[in-house]
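There are 2 protein chains.
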Amino acid sequence: MKFTIQREQLMESVQHVMKAISSRTTIPILTGMKLEVSEQGVKLTGSDSDISIESIIPVEENGIVYVENIEPGSVVLQAKYFPDIVRKLPQSTVEIESDDRRNITIRSGKAEFHLNGQDSEEYPQLPQLHTEDSFELPTDLLKNLIRQTVFAVSSSETRPILTGVHVRVENEELHFTATDSHRLASRKIPLESKTELPSVVIPGKSLTELNKILDDSEDTIEISVTENQVLFRTKHLYFLSRLLEGNYPETSRLIPEQSKTVVKIDTKELLQSVDRASLLAKENRNNVVRLIMKEGNQIEINGNSPEVGNVVEEVVADSIEGEELKISFSAKYMMDALKSIHYDQVKVEFTGAMRPFLIRPVDDEQILQLILPVRTY
Amino acid sequence: MKFTIQREQLMESVQHVMKAISSRTTIPILTGMKLEVSEQGVKLTGSDSDISIESIIPVEENGIVYVENIEPGSVVLQAKYFPDIVRKLPQSTVEIESDDRRNITIRSGKAEFHLNGQDSEEYPQLPQLHTEDSFELPTDLLKNLIRQTVFAVSSSETRPILTGVHVRVENEELHFTATDSHRLASRKIPLESKTELPSVVIPGKSLTELNKILDDSEDTIEISVTENQVLFRTKHLYFLSRLLEGNYPETSRLIPEQSKTVVKIDTKELLQSVDRASLLAKENRNNVVRLIMKEGNQIEINGNSPEVGNVVEEVVADSIEGEELKISFSAKYMMDALKSIHYDQVKVEFTGAMRPFLIRPVDDEQILQLILPVRTY
Chain P
1 MKFTIQREQL MESVQHVMKA ISSRTTIPIL TGMKLEVSEQ GVKLTGSDSD
51 ISIESIIPVE ENGIVYVENI EPGSVVLQAK YFPDIVRKLP QSTVEIESDD
101 RRNITIRSGK AEFHLNGQDS EEYPQLPQLH TEDSFELPTD LLKNLIRQTV
151 FAVSSSETRP ILTGVHVRVE NEELHFTATD SHRLASRKIP LESKTELPSV
201 VIPGKSLTEL NKILDDSEDT IEISVTENQV LFRTKHLYFL SRLLEGNYPE
251 TSRLIPEQSK TVVKIDTKEL LQSVDRASLL AKENRNNVVR LIMKEGNQIE
301 INGNSPEVGN VVEEVVADSI EGEELKISFS AKYMMDALKS IHYDQVKVEF
351 TGAMRPFLIR PVDDEQILQL ILPVRTY
Chain S
1 MKFTIQREQL MESVQHVMKA ISSRTTIPIL TGMKLEVSEQ GVKLTGSDSD
51 ISIESIIPVE ENGIVYVENI EPGSVVLQAK YFPDIVRKLP QSTVEIESDD
101 RRNITIRSGK AEFHLNGQDS EEYPQLPQLH TEDSFELPTD LLKNLIRQTV
151 FAVSSSETRP ILTGVHVRVE NEELHFTATD SHRLASRKIP LESKTELPSV
201 VIPGKSLTEL NKILDDSEDT IEISVTENQV LFRTKHLYFL SRLLEGNYPE
251 TSRLIPEQSK TVVKIDTKEL LQSVDRASLL AKENRNNVVR LIMKEGNQIE
301 INGNSPEVGN VVEEVVADSI EGEELKISFS AKYMMDALKS IHYDQVKVEF
351 TGAMRPFLIR PVDDEQILQL ILPVRTY
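Sequence lines, in order, name chains P and S.
First residue of the first sequence: 1, per UniProt numbering; consecutive thereafter.
First residue of the second sequence: 1, per UniProt numbering; consecutive thereafter.
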């Protein structure tokens, strides 16, 4: 196997594929990165059994040559050192070759690295998915769908299904929902054409890693689903993740149909005020803050930490309708929710101090954040 | 105590003073930051017993008012939360007051923090130094003196004196020297006037923290020394450090008088080549690399890691004079030394493969780096 490649393109692909490689894997060959070279270009593969990533560097694109002097073949090299090696090579052109004993040589300028490789035959084959149940999304839209929901997945393995994001099609809308049973984040978007998609639950970690790799240079991404895998594919990227098994809980029951108090308020002001109120309460797990309605459109946000002190702040809402209210909640959950809403104004809908409350952008019904309040006596 | 202050100036001083405050101190009041207000302005103090820092915000400077509405007084507040509180306050003006029960109130905009403070009488008095043995240096020169030496101090407490930088005056030159007995870094500068200075050893940690605080807006810094303290003073900063006791070893004996091989070479090329050669050797403590002279002005740098692989690179020196050589050394020590030398070309002087070698800039006799090679068989 032999090829010459542009270091910049190699570096980018290496960094993408590294996100699927874990040094703590139970299958030794998965600490390696697979290199495959054909007349079409170079393909790098990494996997930790849950996530697998393939990144392709084509021979040329838009008139620029990336790969040349090709002798097809494949090998597996130790992933641990490869990113640093590629990053520190002296020149923009890199020559890589391996012989039949899997001795790998990496050359650039006057520097030469010799690494012991492994037989690519030992590297597991990734499943080839039938692309029947597949549809396309603009990449930036998928990134937003993930960004606005994945933070709300559970970090505990007590109920494994909650560590994933629930993805389903309902009424020609694509729904992403995540919850850890203390708060919920949901986003739906209309789909252009009739799409058949089984309801699936994708591990939060997979989506988080996917979002780090996807950039805006790719316009659309193709999503395919089988019984236990989901594949995200762009022109040069193939990102495969296992799905979580089991039934995702029915979450629409959690969402109150009527609210008793509606507050419209500047998103950033509420966020910064809750942030300040939580500063002294960092020690306790929930960093609870309290919200109290005052006269006019005034809202008081306060936080208290025995022996340290307390914080109190008055914020002016744009409007308040309905019953007066005093309610306590986790500052972290509120801040997570507000940070995910990139609109200037939010509408917070309360149903008393004991029931979940909703946070939505004022002008967008597609995004929904729900938080369960905390009881205080 | 009461005052109104500009948040930006308060933030800067808080960040400086925080560098002397440790949450792990054995004296509880030292987890606090002392605030003292007088008609001259505000003074913040922090200390961990080894290092003490006072930062002053004057009432006004260059026509800009920083502090007003002053009622003199003092209090100690918990340092743990103060930086975050100041950083997240909503407006550029901050009002701080404390009553006679040490209840502290911090107000900005509509936000109000209440903290429990402590009596400033309980805060230890910092020693007032006689400024007899003192001299001035340009601030940027002091920063360089520190930067080019402090990295070489010992990180082990086996020989505590080596954890400090040796500062002395000799032949009307100011010398800074640091060594961990494996490598040494030294810089000397001529002093303008006759300066009497006892030979002192300043903890490396103190100088590192000092360098983080000093910026180039201060032209000069005054340095005063007593039996067991050193004081660095600028217009608004007072930085006090204890000195290390004991006799610093005589290091000039280590420096070979004659060399057998002299290599002149581009600093960056040597640095990057050694960096690459050490990539595979990260596991072993010394990350040893080898240097071998070749024909002409060629030098080979190589590194080897059993089971992983090896690296080899040819570098062209600008000139090589003297005996042929094969030598091994720690890549980390070589890279530390080369990174501290901000000159394009260095002169490396070897005395065989078993004796220390020197690295100096080609055009500057003031800077000296010395490294003990590693034996290989």
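Read the hints as simulated data drawn from the structure, not as lab findings.
Each hint should be verified, as a subset may be incorrect.
Chain copies aren't distinguished; within one or between two, either way the pair holds.
Listed next, the in silico DSBU-like pairs over lysine-lysine satisfying Cα-Cα at most 35 Å (straight line) [claimed, not checked]:
id, residue 1, residue 2
1, Lys-43, Lys-294
2, Lys-19, Lys-260
3, Lys-332, Lys-212
4, Lys-205, Lys-80
5, Lys-2, Lys-347
6, Lys-43, Lys-347
7, Lys-80, Lys-212
8, Lys-339, Lys-19
9, Lys-326, Lys-260
10, Lys-268, Lys-110
11, Lys-88, Lys-212
12, Lys-194, Lys-2
Hint check results:
| no. | hint | in the structure |
| --- | --- | --- |
| 1 | Lys-43 <-> Lys-294 | neither (62 Å within a copy, 38 Å between copies) |
| 2 | Lys-19 <-> Lys-260 | neither (46 Å within a copy, 50 Å between copies) |
| 3 | Lys-332 <-> Lys-212 | both (23 Å within a copy, 32 Å between copies) |
| 4 | Lys-205 <-> Lys-80 | both (21 Å within a copy, 33 Å between copies) |
| 5 | Lys-2 <-> Lys-347 | neither (60 Å within a copy, 39 Å between copies) |
| 6 | Lys-43 <-> Lys-347 | neither (48 Å within a copy, 44 Å between copies) |
| 7 | Lys-80 <-> Lys-212 | both (20 Å within a copy, 33 Å between copies) |
| 8 | Lys-339 <-> Lys-19 | both (25 Å within a copy, 31 Å between copies) |
| 9 | Lys-326 <-> Lys-260 | within (13 Å within a copy, 82 Å between copies) |
| 10 | Lys-268 <-> Lys-110 | between (54 Å within a copy, 15 Å between copies) |
| 11 | Lys-88 <-> Lys-212 | both (22 Å within a copy, 28 Å between copies) |
| 12 | Lys-194 <-> Lys-2 | neither (46 Å within a copy, 68 Å between copies) |
Violated hints, listed in ascending order, are 1, 2, 5, 6 and 12; each of the other numbered hints is respected by the structure.
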